[in-house]
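Can you build the whole structure from these sequences, using the hints too?
The primary structure of each chain is shown beneath.
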Amino acid sequence: MYFRPKTLEEAVQTLAVQRAQILSGGTDFFPALGERHVERPILDVSGVRELRGITSDPAFIRIGGLTTWSEIIATPLPRAFDALKLAAREIGGVQIQNRGTIAGNLCNASPAADGVPPLLALNAEVELVSAAGSRRVPLAQFIVGNRETLLRPDEVLSCVLVPRDIEDAASTFLKLGARRYLVISIAMVAVVLTADKAQRVSAARIAVGSCSARAQRLTELERDLIGTHLSGEIGALVTSTHLQALSPKSDVRATAEYRQDAARTLVARALDTCARNY
Amino acid sequence: MLTATNSETGAVATIQFSLNGKPVEVAVPAIERLSRVLRENLGLTGTKVGCDAGDCGACTVLLNRDPVCSCLVAAGQVEGCEVVTVEGLAQRAPVYDRLQKSFLCHGAAQCGICTPGMLVSATALLERERSPSESAVKDALGGVLCRCTGYRKIIDAVLDAAQSPLPPKCPDTGKAVGARLARLDGQAKVSGTEIFGADEIPLETLSVHVVRSPYNRARFCFGDLAAFVVAHPGVSAVLTAADIPGRNCFGVISRFADQPVFAELETRFRGEAVAAVVGESNTLQKIDWTRFPVQWEELPAITSIDAGLAPGAPRIHESREQNLLVRGRVVHGDVDRALSECHAVVEGEFETGFIEHAYIEPEAGFARRLGNTLEVQACTQSPYMDRDDIAKILGIAPESVRIIPTAVGGGFGSKLDLSVQPFVALAAWKLNRPVRMVYSRHESIISTTKRHPSRIRMRAGATNDGKLHAVDFTADFNTGAYSSWGPTVAARVPVHASGPYRVPHYRALTRAVHTNLVPGGAFRGFGVPQTAIAQEQIYDELADRLGMDRLEFRILNALDETTPTVTGQVLGAGVGIRACLLALRPAWQQARNQCAAYNAGSQGGPLRKGVGIAAMWYGCGNTSLPNPSTIRVGLKSDGRIALHQGAIDIGQGSNTIITQICADALGAPVDCFDLVSGDTGISPDCGKTSASRQTLVTGKAAQMAGTELRRAILQLANCCECAVIEFQRCKLIISENGQQRTVSLDTLPQDKYGYVLTREATFDPPTSPLDQNGQGVPYAVFGFGAHMTEVLVDIELGTVSVTKITAAHDVGRAINPTLIEGQIEGGAAQGLGMALMEEFFPGKGENLHDYLIPTAGDMPRVESILIEDPSPIGPFGAKGIGEQAVIPTAPAILNAIHDATGVRIRRVPATPDHLRSAILARRQNGVERA
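Taken in order, these protein sequences are the chains called U and X.
The first sequence begins at 1 in the numbering used here and counts up one residue at a time.
The second sequence begins at 1 in the numbering used here and counts up one residue at a time.
Just so you know, not all the hints are guaranteed correct.
[What the hints assert, rightly or not] With a cut-off of at most 25 angstroms between alpha-carbon atoms, the simulated SDA-like pairs for lysine to any residue come out as follows:
| no. | chain 1 | residue 1 | chain 2 | residue 2 |
| --- | --- | --- | --- | --- |
| 1 | X | LYS844 | U | GLY34 |
| 2 | X | LYS609 | U | ARG179 |
| 3 | X | LYS138 | X | TYR215 |
| 4 | X | LYS286 | U | GLU35 |
| 5 | X | LYS138 | U | GLN21 |
| 6 | X | LYS844 | U | ARG180 |
| 7 | X | LYS286 | X | GLN187 |
| 8 | U | LYS6 | X | PHE17 |
| 9 | X | LYS286 | U | VAL144 |
| 10 | X | LYS609 | X | ALA921 |
| 11 | X | LYS844 | X | SER917 |
| 12 | X | LYS175 | X | LEU714 |
| 13 | X | LYS138 | U | ALA112 |
| 14 | X | LYS844 | U | LYS85 |
| 15 | U | LYS6 | X | ASP66 |
| 16 | X | LYS430 | X | GLU264 |
| 17 | X | LYS609 | X | LYS844 |
| 18 | U | LYS249 | X | LYS844 |
| 19 | U | LYS85 | X | SER133 |
| 20 | X | LYS844 | U | LYS6 |
To be clear, the hints were calculated from the coordinates, so they are not data collected in a lab.
Structure below.
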């Protein structure tokens with residue numbers, strides 16, 4: 001069956017009775033389909049209005065699951081979202097940015113998903129809705145592995161919630177690929193950084209993608225940076241020990257050793273950029 | 001309360017939307033890709049399909065004003081939306097008018113297959129921003145791949161669109177050669193009306209699904225094929241080797257032909273065909289092919305050159321000992337003695353992998369039987385060769401097969417070999433129904449030829465006066481499972497491995513070795529680009545060893561009119577390599593100084609600048625083998641000229657170039673000409689579009705035919721050679737010494753071709769066979785050139801950005817400078833890809849997101865310097881440029897990387913990980929940059 005509901009209620013009611021594959025922007029669905037014929041029931045959520053748009057309340061900025069990368073680029077957002085916007089610009093080409101959705105990027109859970117590191121660095125949560133109700137899960141828990149998430153077959157990822165605790169933070173995103181545009185990342189890094197009045201790091205959130213089965217926060221490094229003065233080259237403080245959370249693999253794009261090495265360079269550069277721009 | 005659109009997944013739903021400003025309603029499965037619905041159901045074939053995965057952007061349409069890949073949109077998702085395809089852009093004046101004209105002026109469309117996607121994307125940008133910045137243009141076009149142009153002319157066309165450029169006017173009579181004429185077939189390419197291989201669908205056509213080997217080597221047997229047909233209503237037949245009426249064998253060089261249409265008992269590479277299932281398209285789409293009745297038994301496979309050559313290795317073809325397809329050899333002087341006399345000797349081993357052509361048009365076409373003749377309409381670079389092989393496969397006379405070539409969405413050598421043609425031909429012949437086939441990107445990548453992987457060892461020595469003295473060169477090429485163009489690669493490389501330099505003592509030995517991998521075939525340069533990667537890097541090292549400037553070393557050693565080549569040929573007039581190198585000297589010196597200053601100032605920073613140079617030569621036409629072209633040109637009773645232009649235009653521009661040449665030979669303006677295609681039923685054989693031969697060989701035939709027709713007209717009017725002919729409607733006005741004569745054409749009788757006068761001319765470039773040492777005249781004409789590249793290397797990440805390419809080419813005579821620049825820029829882009837990112841691994845990454853080619857963001861500005869040192873043989877002095885353009889780029893980039901980092905890359909591509917590990921290794925060895 002092909003279902004294209006107009007409301008979230010209809011969508012989750014459908015999932016309650018039928019195991020359907022969810023389709024939204026199609027940028028992962030169709031490439032994965034290849035030349036095969038669609039046999040499974042499809043729940044096309046692209047017509048669900050409630051899943052669109054970016055809104056805010058005092059505690060959270062809420063990004064609807066169907067929000068495309070182009071919409072993220074075009075929407076004025078606090079400074080801490082710069083990394084997310086930069087990532088949005090690096091996803092595929094403009095054709096992909098116009099269709100690919102934030103929920104699709106997270107639910108597809110590719111280790112190379114460009115949207116994940118910036119959202120991890122923003123401490124984002126996801127809202128999962130089913131006919132039985134809804135739940136919130138931190139993104140760091142939602143993605144459990146390479147293309148594995150906590151999404152149940154009866155759930156829809158309705159929105160991404162970003163806490164408004166460090167909105168004025170400096171943030172940046174660096175992507176490394178073997179060409180410009182339309183390229184799967186060899187490694188990418190997102191950093192969100194705040195400092196106190198004395199220009200000392202008060203919070204640092206650093207996430208690295210494409211270097212493990214799922215993107216990782218470098219918590220040790222984040223701790224070590226607290227209190228560091230922004231004027232120095234804070235990137236120089238990054239050691240290989242700080243990257244031990246990563247477990248990169250070798251593939252057609254790069255060797256594991258290179259990824260580990262490049263991640264360190266990217267983290268250092270991203271930190272320096274944030275410090276410079278702070 | 002049901003507000004949703006629901007339907008069975010496979011069932012037809014009615015979808016309403018606005019298409020190009022008009023409401024449409026279409027009944028299709030809601031989950032069908034929009035691209036397919038537009039093309040197959042609504043007949044709008046201007047939207048191209050290159051990958052079905054969002055990797056190429058050819059299918060870009062506007063969805064509610066935003067560019068999207070229509071292959072990634074479900075039909076059900078456009079319900080109530082506004083969709084605009086390339087066909088609908090015409091309504092978006094004046095933005096689109098200006099853009100179209102700008103594309104034509106700039107030569108921004110070559111083959112034209114990416115053009116609709118580029119135009120749609122650019123229109124969306126220009127409607128938002130009248131005068132966008134270059135980076136905005138790159139962002140807008142970054143999602144659309146082009147394999148022909150190198151992007152610069154497309155970017156420039158979009159940047160200039162606001163200026164309302166006017167396409168150049170038709171040049172005056174006698175002034176066509178040398179004019180920047182817009183391509184004559186350009187209008188169709190910028191309107192989305194060009195017909196490519198997949199763009200015509202005959203009524204009642206059947207489709208084909210080919211069952212292919214999943215293993216490098218396997219034994220197989222079929223289950224009950226008859227039962228499979230019965231179990232699948234809509235399937236008409238399953239065809240296997242047993243169904244072939246003629247020979248189950250084809251190949252581009254008949255002496256070596258060895259490739260079956262369908263493997264018998266055993267497959268020799270992953271992707272080889274064993275059966276073709278013919279049936280209704282909708283039926284084939286729904287079949288679960290994992291249940292097709294064939295049992296595979298994987299067998300040990302040979303997957304490297306070494307394994308192929310290993311003593312006791314099983315023979316892939318029984319008649320070929322040691323899995324050797326062929327050897328090549330050129331020997332001149334006494335190499336061993338000469339190397340011992342050298343003041344400086346350097347050596348190295350180099351490797352390259354498979355490289356995919358990655359044209360944006362996957363192979364496609366259809367066949368139909370008309371009584372006892374068979375028509376095949378498909379994209380091809382070689383209609384007559386296709387005709388002869390199809391005839392052999394079907395066991396019928398070549399004259400019973402007609403090949404109707406479509407526009408070709410990029411070829412670069414791979415569309416010289418058969419692809420879909422045997423399957424559709426056999427099925428149409430057997431079933432007496434039109435049969436169509438369109439390769440998927442995956443099928444195209446796994447089954448069609450690639451650039452040969454190579455392993456090259458080279459030693460080169462020079463005397464202390466800086467003169468090259470001796471070269472000892474050996475190369476093995478992985479030719480894959482079948483011969484294809486392996487013999488050509490093995491024969492061409494030893495002739496060219498000296499580079500365009502005087503090398504008095506020379507030995508070059510090559511081997512083409514079979515493996516159980518996809519066949520190595522023709523790819524722009526037949527092994528010479530791989531060779532140049534070794535040879536031009538070795539010469540750089542030699543110059544360094546001698547303490548000479550790298551450019552001056554090349555200038556000192558460049559071939560000239562009197563020095564013999566390594567085959568003993570003295571080229572005589574038209575050796576422009578020294579002129580090319582001299583033309584680069586000012587830019588070279590400036591760039592050297594800039595790099596030195598930058599690097600001295602960037603202490604501690606991760607960026608380094610480098611500049612590299614590489615030169616090339618390349619023989620036009622077949623190596624010591626005949627390769628004639630025949631041009632027919634006819635004067636029609638309406639006063640127009642019919643030019644039977646059989647040199648297939650794969651984007652390089654032969655439709656335009658050949659016409660320009662013929663026009664000036666005849667003394668007629670270009671706009672008097674009507675092009676007749678390379679259809680084997682109506683035009684004589686102009687040979688294949690390969691070996692950079694069409695401008696030279698077909699061009700010369702066109703010059704001769706044009707001259708002869710002129711002579712015939714003047715004879716008819718009883719006028720002398722110096723008379724001027726004016727072509728008017730149904731009459732000619734001939735002026736001589738102030739007198740005018742009118743020849744009425746509509747009263748004159750017509751010949752068997754329907755023309756008032758017809759002339760045909762054939763040209764075959766003069767060569768001589770090579771002796772056992774490879775001595776002789778392999779080519780009548782060579783093209784020469786040199787590229788200078790500037791790079792910025794991030795030594796911490798191993799990334800390289802090419803910031804400028806300056807390319808000097810001796811083209812003899814630039815028949816059309818715009819089209820020549822297009823060849824140079826496109827060749828440079830392929831060279832950049834080869835140097836930095838391209839390698840195909842069979843079984844891995846058989847798509848365009850793992851196999852990377854350069855995008856609009858990777859190509860720097862290319863400055864072309866055209867040197868015109870005329871060839872005494874070529875038409876108006878012209879030489880080839882197609883392959884010449886790709887050869888020097890990769891070695892020039894690798895030399896620039898070395899200049900920047902001190903690292904020598906001997907195995908391409910120089911991907912970031914590869915370059916970074918080379919930089920680290922060099923550092924560990926304690927060799928820091930001085």
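Status of the hints after comparison with the structure:
The hinted pair formed by LYS844/X and GLY34/U meets the criterion: a straight-line CA distance of about 15 angstroms does not exceed 25 angstroms. Restraint check: the Cα-Cα separation between LYS609/X and ARG179/U comes to about 19 angstroms, which is no more than 25 angstroms; the hinted pair holds. A threshold of 25 angstroms between alpha carbons decides the hint, and for LYS138/X with TYR215/X the separation of about 40 angstroms lies outside it, so the pair is violated. Distance restraint check for LYS286/X and GLU35/U: the Cα-Cα separation of roughly 10 angstroms lies within the 25 angstroms cut-off, and the hinted pair is therefore satisfied.
Note on LYS138/X and GLN21/U: the hinted pairing is violated, with a Cα-Cα distance of about 35 angstroms set against a maximum of 25 angstroms. Taken as a hint, the LYS844/X and ARG180/U pair is honoured in the structure, with Cα atoms around 22 angstroms apart against an allowance of 25 angstroms. The hinted pair formed by LYS286/X and GLN187/X fails the criterion: a straight-line CA distance of about 38 angstroms is larger than 25 angstroms. For a cut-off of 25 angstroms, the pair hint linking LYS6/U to PHE17/X stands: about 17 angstroms separates their Cα positions.
Distance hint between LYS286/X and VAL144/U is unfulfilled; the C-alpha atoms sit about 34 angstroms from each other, more than 25 angstroms. For a cut-off of 25 angstroms, the pair hint linking LYS609/X to ALA921/X stands: about 20 angstroms separates their Cα positions. Taking the CA atoms of LYS844/X and SER917/X, the gap is about 23 angstroms. The hint holds against a cut of 25 angstroms. Of the supplied pair hints, the one linking LYS175/X and LEU714/X holds, its CA atoms being roughly 20 angstroms apart against a limit of 25 angstroms.
This hinted pair checks out: LYS138/X and ALA112/U have alpha carbons roughly 23 angstroms apart, not beyond 25 angstroms. Only pairs whose Cα atoms come within 25 angstroms are accepted, and LYS844/X paired with LYS85/U is rejected, the gap being roughly 32 angstroms. Straight-line distance between C-alpha atoms of LYS6/U and ASP66/X comes to about 22 angstroms, which keeps the hinted pair within the 25 angstroms bound. Restraint check for LYS430/X and GLU264/X: satisfied, since their Cα atoms lie roughly 19 angstroms apart, inside the 25 angstroms limit.
At roughly 34 angstroms between alpha-carbon atoms, LYS609/X and LYS844/X are farther apart than 25 angstroms, so this suggested pair is violated. A distance of roughly 15 angstroms separates the Cα atoms of LYS249/U and LYS844/X; the hinted pair therefore holds under the 25 angstroms criterion. Under the criterion of a C-alpha separation no larger than 25 angstroms, the hint pairing LYS85/U with SER133/X is consistent with the structure, at around 20 angstroms. Note on LYS844/X and LYS6/U: the hinted pairing is violated, with a Cα-Cα distance of about 40 angstroms set against a maximum of 25 angstroms.
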